[in-house]
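Asks: So the chains spell out like this:
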Amino acid sequence: SQQGEEDPQALSIQEGENATMNCSYKTSINNLQWYRQNSGRGLVHLILIRSNEREKHSGRLRVTLDTSKKSSSLLITASRAADTASYFCATAKRLGAQKLVFGQGTRLTINP
Amino acid sequence: DTEVTQTPKHLVMGMTNKKSLKCEQHMGHRAMYWYKQKAKKPPELMFVYSYEKLSINESVPSRFSPECPNSSLLNLHLHALQPEDSALYLCASSQLDILPSMNTEAFFGQGTRLTVV
Numbered sequence: 001s002q003q004g005e006e007d008p009q010a011l012s013i014q015e016g017e018n019a020t021m022n023c024s025y026k027t028s029i030n031n032l033q034w035y036r037q038n039s040g041r042g043l044v045h046l047i048l049i050r051s052n053e054r055e056k057h058s059g060r061l062r063v064t065l066d067t068s069k070k071s072s073s074l075l076i077t078a079s080r081a082a083d084t085a086s087y088f089c090a091t092a093k094r095l096g097a098q099k100l101v102f103g104q105g106t107r108l109t110i111n112p
Numbered sequence: 113d114t115e116v117t118q119t120p121k122h123l124v125m126g127m128t129n130k131k132s133l134k135c136e137q138h139m140g141h142r143a144m145y146w147y148k149q150k151a152k153k154p155p156e157l158m159f160v161y162s163y164e165k166l167s168i169n170e171s172v173p174s175r176f177s178p179e180c181p182n183s184s185l186l187n188l189h190l191h192a193l194q195p196e197d198s199a200l201y202l203c204a205s206s207q208l209d210i211l212p213s214m215n216t217e218a219f220f221g222q223g224t225r226l227t228v229v
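Note that the protein sequences, when read in sequence, are chains A and B.
Take the first sequence: its position 23, counted from the start at 1, is 23 in this note's numbering, and no numbers get skipped.
If you want this note's numbering, it's the 1-based position in the second sequence plus 112.
Just so you know, these hints were derived from the structure itself, not from any lab.
Keep in mind that a hint or two might mislead.
[Stated by the list, open to error] So these bits of chain B aren't anywhere near chain A, every CB distance computed over 10 Å:
#	residue
1	G126
2	Y145
3	Q149
4	K153
5	I168
6	S184
7	H189
8	S198
9	S206
10	T216
11	Q222
12	R225
[Unchecked claim] Cut-off 16 Å, straight-line C-alpha distance, at most; resulting in silico cross-link-like pairs (EDC-like, lysine to aspartate or glutamate):
#	chain 1	residue 1	chain 2	residue 2
13	B	K152	A	E53
14	B	K153	A	E5
15	A	K93	B	E196
16	A	K70	A	E55
17	A	K93	B	E115
[What the hints assert, rightly or not] To give an idea of the interface, some chain B residues facing chain A are shown, with a C-beta separation under 7 Å as derived from the structure:
#	residue
18	G140
19	C180
20	A192
21	P195
22	E196
23	A199
24	L200
We put the CB at the ideal spot given by N, CA and C, even for glycine.
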């Protein structure tokens with residue numbers, strides 16, 4: 001079952017602007033991860049935030065996690081045309097191997 | 113080497129055919145996964161292998177049969193599929209989350225786009 005809900009479902013902005021995507025989930029988690037997917041091909045891992053962390057940065061990416069609200073946000077600053085892709089959050093519970101459950105995704109379009 | 117290699121990239125098969133999807137990684141990951149993704153939908157977990165043993169089967173129909181012959185290889189055997197099984201099939205691998213400090217990001221292959229006719 002898919003527990004992650006993301007909003008917006010689609011986002012279109014101008015190059016150089018910031019893009020914010022939100023993710024909500026329903027059950028307790030070990031960590032939350034964000035992935036990017038270009039044109040229906042493989043997913044690329046962007047960033048992982050553990051349940052005891054509140055904020056994490058990686059280059060132009062900033063992720064926050066609020067476990068009390070069961071929500072996370074991904075901020076991409078100074079967007080570029082190459083950032084055009086679908087972005088998915090994925091929650092992970094520890095079951096030996098982790099079981100990743102993906103949100104519905106946000107389709108981000110960066111207009112030049 | 114941080115690649116997960118999937119073959120073939122595209123596959124068209126009839127409903128009476130038997131085919132196999134292959135996945136290979138050389139990162140020493142002991143957890144491997146099969147996901148199915150329909151167009152404009154998120155990936156859905158199908159199977160998880162831990163230490164070459166099937167640990168999770170998400171109630172997948174028996175016409176999909178996974179196999180993990182060794183720690184680097186993962187196969188998905190397909191038989192008597194239906195047109196609604198047409199999708200992108202993604203393989204992934206990750207370290208097993210033994211210690212809280214270990215990264216458990218998953219590395220995905222580029223997928224096999226399967227069309228059942």
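Asks: Run every hint past the structure and note whether it holds.
Replies: Each hint, compared with the structure:
No beta-carbon of chain A is positioned within 10 Å of the beta-carbon of B:G126; the least distance is around 23 Å. Its beta-carbon lying about 8 Å from the closest one in chain A, B:Y145 breaks the requirement of being farther than 10 Å from that chain. With a least CB separation of 8 Å from chain A, B:Q149 falls inside the 10 Å interface cut-off, contrary to its annotation. At roughly 8 Å from the closest C-beta of chain A, the C-beta of B:K153 falls inside 10 Å, breaking its exclusion from the interface.
Distance to chain A contradicts B:I168 as a non-interface residue, since its nearest Cβ pair spans about 6 Å, not more than 10 Å. With a least beta-carbon separation of about 16 Å from chain A, B:S184 lies farther than 10 Å from that chain, consistent with its non-interface assignment. Under the 10 Å C-beta cut-off, the non-interface status given to B:H189 relative to chain A holds; the minimum distance is some 21 Å. With a closest Cβ-Cβ approach of about 13 Å to chain A, B:S198 is found to remain outside the 10 Å limit, as its non-interface label requires.
For B:S206, the condition that its CB be more than 10 Å from all CB atoms of chain A is violated, with the nearest at approximately 6 Å. A Cβ of chain A approaches the Cβ of B:T216 within 10 Å, the least distance being about 5 Å, so the stated non-interface status is violated. For B:Q222, the non-interface assignment is contradicted: its Cβ lies about 4 Å from the closest Cβ of chain A, within the 10 Å cut-off. Distance check for B:R225 against chain A: the nearest CB is about 8 Å away, which does not clear 10 Å, and the non-interface claim fails.
Restraint check for B:K152 and A:E53: not satisfied, since their Cα atoms lie roughly 31 Å apart, outside the 16 Å limit. Between B:K153 and A:E5 the alpha-carbon distance is near 12 Å, which keeps this suggested pair within the 16 Å criterion. Our distance criterion of 16 Å between C-alpha atoms is broken by A:K93 and B:E196, whose separation comes to about 29 Å. Between A:K70 and A:E55 the CA atoms are separated by roughly 14 Å; this keeps the pair inside 16 Å, and the hint holds.
A threshold of 16 Å between alpha carbons decides the hint, and for A:K93 with B:E115 the separation of about 24 Å lies outside it, so the pair is violated. At its closest, the beta carbon of B:G140 sits 14 Å from a beta carbon of chain A; the interface hint therefore is violated under the 7 Å criterion. Among the interface hints, the one on B:C180 is violated; its C-beta lies about 12 Å from the nearest C-beta in chain A, farther than the 7 Å criterion. Restraint check, B:A192 versus chain A: the minimum CB separation of about 26 Å is more than 7 Å; hint violated.
Interface restraint check for B:P195: the shortest CB-CB distance to chain A comes to about 18 Å, outside 7 Å, so the restraint is violated. Annotation: B:E196 was flagged as interfacial toward chain A, and the flag is violated, the nearest CB pair being 18 Å apart, outside 7 Å. The interface hint given for B:A199 is violated, since its Cβ lies 10 Å from the closest Cβ of chain A, which is over the 7 Å cut-off. Annotation: interface hint on B:L200 holds; nearest CB of chain A at approximately 6 Å, less than 7 Å.
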